[in-house]
Amino acid sequence: MNTAALLGSYHPENALAWQDGRPITYSRFLSEVAALADRLPESPTVINLAEDRYRFLVGFAAALIRGQTTLLLPSRAPRALAQIARVYGSSYCLADGQETGKGLPVVQIPVGGWSAAPNPKVPHIPLDHPAVVAFTSGSTGSPRPHPKTWGSLVSIARSTGARLGLKASDHATVVATVPHQHMYGLEASIMLPIQHGMAFHVGRPLFPEDVRVALAEVPSPRMLVTTPLHVMACVTARTPLPQVEFILSATAPLSVSSAKQAETLFETSVYEVYGFTEAGSLATRRTVAGETWHVLDGIALHQESDRYLLQAPYLPEPIQFPDLVSLQGPHRFVLHGRGTDLVNIGGHRGSLADLNHKLSAIEGVRDGTFFLPDDTGTSVTRLMAFVVAPGKSVDQILSALREVIDPAFLPRPLHVVSNLPRNATGKLTREALLGLMHELHGKDRHGD
Amino acid sequence: MPDASPLEAEVAKLIVHTLYLKIDPAQIQPEQPLFGEGLGLDSIDALELSLVISQSYGYQIRSDDPETVATFASLRSLCQSIEKNRTK
Numbered sequence: 000m001n002t003a004a005l006l007g008s009y010h011p012e013n014a015l016a017w018q019d020g021r022p023i024t025y026s027r028f029l030s031e032v033a034a035l036a037d038r039l040p041e042s043p044t045v046i047n048l049a050e051d052r053y054r055f056l057v058g059f060a061a062a063l064i065r066g067q068t069t070l071l072l073p074s075r076a077p078r079a080l081a082q083i084a085r086v087y088g089s090s091y092c093l094a095d096g097q098e099t100g101k102g103l104p105v106v107q108i109p110v111g112g113w114s115a116a117p118n119p120k121v122p123h124i125p126l127d128h129p130a131v132v133a134f135t136s137g138s139t140g141s142p143r144p145h146p147k148t149w150g151s152l153v154s155i156a157r158s159t160g161a162r163l164g165l166k167a168s169d170h171a172t173v174v175a176t177v178p179h180q181h182m183y184g185l186e187a188s189i190m191l192p193i194q195h196g197m198a199f200h201v202g203r204p205l206f207p208e209d210v211r212v213a214l215a216e217v218p219s220p221r222m223l224v225t226t227p228l229h230v231m232a233c234v235t236a237r238t239p240l241p242q243v244e245f246i247l248s249a250t251a252p253l254s255v256s257s258a259k260q261a262e263t264l265f266e267t268s269v270y271e272v273y274g275f276t277e278a279g280s281l282a283t284r285r286t287v288a289g290e291t292w293h294v295l296d297g298i299a300l301h302q303e304s305d306r307y308l309l310q311a312p313y314l315p316e317p318i319q320f321p322d323l324v325s326l327q328g329p330h331r332f333v334l335h336g337r338g339t340d341l342v343n344i345g346g347h348r349g350s351l352a353d354l355n356h357k358l359s360a361i362e363g364v365r366d367g368t369f370f371l372p373d374d375t376g377t378s379v380t381r382l383m384a385f386v387v388a389p390g391k392s393v394d395q396i397l398s399a400l401r402e403v404i405d406p407a408f409l410p411r412p413l414h415v416v417s418n419l420p421r422n423a424t425g426k427l428t429r430e431a432l433l434g435l436m437h438e439l440h441g442k443d444r445h446g447d
Numbered sequence: 000m001p002d003a004s005p006l007e008a009e010v011a012k013l014i015v016h017t018l019y020l021k022i023d024p025a026q027i028q029p030e031q032p033l034f035g036e037g038l039g040l041d042s043i044d045a046l047e048l049s050l051v052i053s054q055s056y057g058y059q060i061r062s063d064d065p066e067t068v069a070t071f072a073s074l075r076s077l078c079q080s081i082e083k084n085r086t087k
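Same order as they appear, the protein sequences are chains F and W. Numbering of the first sequence is given in numbering that gives the first Met the number 0, commencing with residue 0 and proceeding in unit increments. Numbering of the second sequence is given in numbering that gives the first Met the number 0, commencing with residue 0 and proceeding in unit increments.
Do not take every clue at face value.
[Stated by the list, open to error] Calculated cross-link-like contacts (lysine to aspartate or glutamate; reagent style DMTMM-like; alpha-carbon spacing at most 20 angstroms):
(1) 391(F) x 36(W)
(2) 21(W) x 41(W)
(3) 21(W) x 438(F)
(4) 12(W) x 41(W)
(5) 101(F) x 405(F)
(6) 21(W) x 373(F)
(7) 391(F) x 402(F)
(8) 426(F) x 340(F)
(9) 166(F) x 244(F)
(10) 83(W) x 30(W)
(11) 21(W) x 394(F)
(12) 166(F) x 12(F)
[Said to hold, decoys possible] Per the computed footprint, the stretches of chain F lying under chain W, defined by three or more beta-carbons under 8 angstroms from a beta-carbon of chain W, are:
(13) 208–217
(14) 226–232
(15) 406–418
[Claimed, not checked] Partial list, computed: chain W residues near chain F (C-beta under 10 angstroms):
(16) 42
(17) 46
(18) 50
(19) 53
Quick caveat, the hints were computed from the structure, so don't treat them as lab data. Heads up, the beta-carbon is just placed ideally off N, CA and C, and yes, glycines get one too.
Work the whole structure out from these sequences, hints included.
Right under this line is the structure:
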């Protein structure tokens, strides 16, 4: 049976994680994982809700050892867990705090109280084991599952590390502003460190000052795993960050000028990684070097009529790009924007069709549509929505939406209207919606 | 917003302008929650607001500060934190 080690490099006394300025060693990690694995219930699937990055990893690794699959929730909406629980009814939840399992059994990942196992062995996991299932929103209202084998996660982590020149001997530490229950966060803040003998900070800093403090709590060399939003926040605040070897950004494109500012201000190198849920991370670029993306080793691109496809040894079949791209041979490409159905709000990706489906499914809503206006400048542009719902108030519709969609996609504002400007064929054109927006905003413009 | 202090009125304007909210700043009640069910702000907004607050008042907001959850609870608590921590 082909397997790959849980850890790419094992030095028992090296730090794996930094919690409140104190290290947690690799050997303690293996002891904790072995002890938790013995206590996990029998179940094919688990939802790991742990907020602490280290405890999430303990739960994730214990599940791997038991041959279980970790389900990554499709969004932060309260109903997302219930929706997954309906499909994967025999699941249980792992938690490290007050998280509730919405009807599923909850197993706490214990803190402390461990007896160290003598000479713990590094577990090996079968390459074809479905380690995680990530979900995309699909267009029908139900999340579409994308299983990821352990082999694919290891392969992506190793090829990303090779591209960045990461070496176990450097023993660098990752500080990540992104959640670990998300493909990019899992890949860059969990898999990348454990496959390269690195360490990570357990927290998830938000404000520039948090990022500075978290970086200062870990030893050099440091790597910041983040998003364009956080990079720009640190640049704008001119935060005096400790020395950072690399900044790795993903979830949305970073502009060359922002990357240049960050490189100058923080005396660092800014790289971006590009990926999407169906394929995982697949390409990188040094942002200041230009717009061309270079695919990771083993990945090849090709075009079939008007479709752009990528192949990788760990993908069962070629996958189509959801974004608009042009190829420069089989290993390089340029991004030209999102597909027409996709939206990206502050790094959260969604499908307009899916959002419209969820809006229309709300009781009392007769017709409705989300709409993304043009950029308003430096601020993150939000979606707005137009809804036909006689007898319903804006607050009632927003409360119902809040249950089913990610908070980043909540419309600002939501307008209740008597009808939508559909054309003769029932379509809503961008021009018609822009017209409606100007009409409504002209009406209730406040005098400031 | 009859019971709002001058700073509260000023910060309400800052919030509306920074986040392009389509409301009149005077509609923000000082005690109304800014996040979730109240004004409906989220962590992206918190990040954007933290930047303008640091630029306008020299106050660097941190989330591991036990006061931060309370800071963002309402316009009034945000203004109290600004008042306490401002350097300009």
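Structure-based check of each hint:
1. 391(F) x 36(W): Within the cut-off at roughly 17 angstroms; holds.
2. 21(W) x 41(W): With a Cα-Cα distance of about 16 angstroms, the restraint between residue 21(W) and residue 41(W) holds, given a limit of 20 angstroms.
3. 21(W) x 438(F): holds, 13 angstroms
4. 12(W) x 41(W): It holds: about 18 angstroms lies between the C-alpha atoms, which stays within 20 angstroms.
5. 101(F) x 405(F): holds, 17 angstroms
6. 21(W) x 373(F): Holds, at roughly 15 angstroms.
7. 391(F) x 402(F): Roughly 17 angstroms between the alpha carbons, so the hint for residue 391(F) and residue 402(F) holds.
8. 426(F) x 340(F): Cα-Cα ~15 angstroms, so holds.
9. 166(F) x 244(F): holds, 13 angstroms
10. 83(W) x 30(W): Since the Cα atoms of residue 83(W) and residue 30(W) sit roughly 18 angstroms apart, the hinted pair holds (cutoff 20 angstroms).
11. 21(W) x 394(F): holds, 15 angstroms
12. 166(F) x 12(F): holds, 17 angstroms
13. 208–217: holds (count 3)
14. 226–232: Per the Cβ count (3), the hint holds.
15. 406–418: holds (count 5)
16. 42: Holds. Min distance 6 angstroms.
17. 46: Hint holds; residue 46(W) Cβ to chain F Cβ min 5 angstroms, cut 10 angstroms.
18. 50: holds, 5 angstroms
19. 53: Where the cut-off is 10 angstroms and the nearest Cβ of chain F is about 6 angstroms from residue 53(W), the hint holds.
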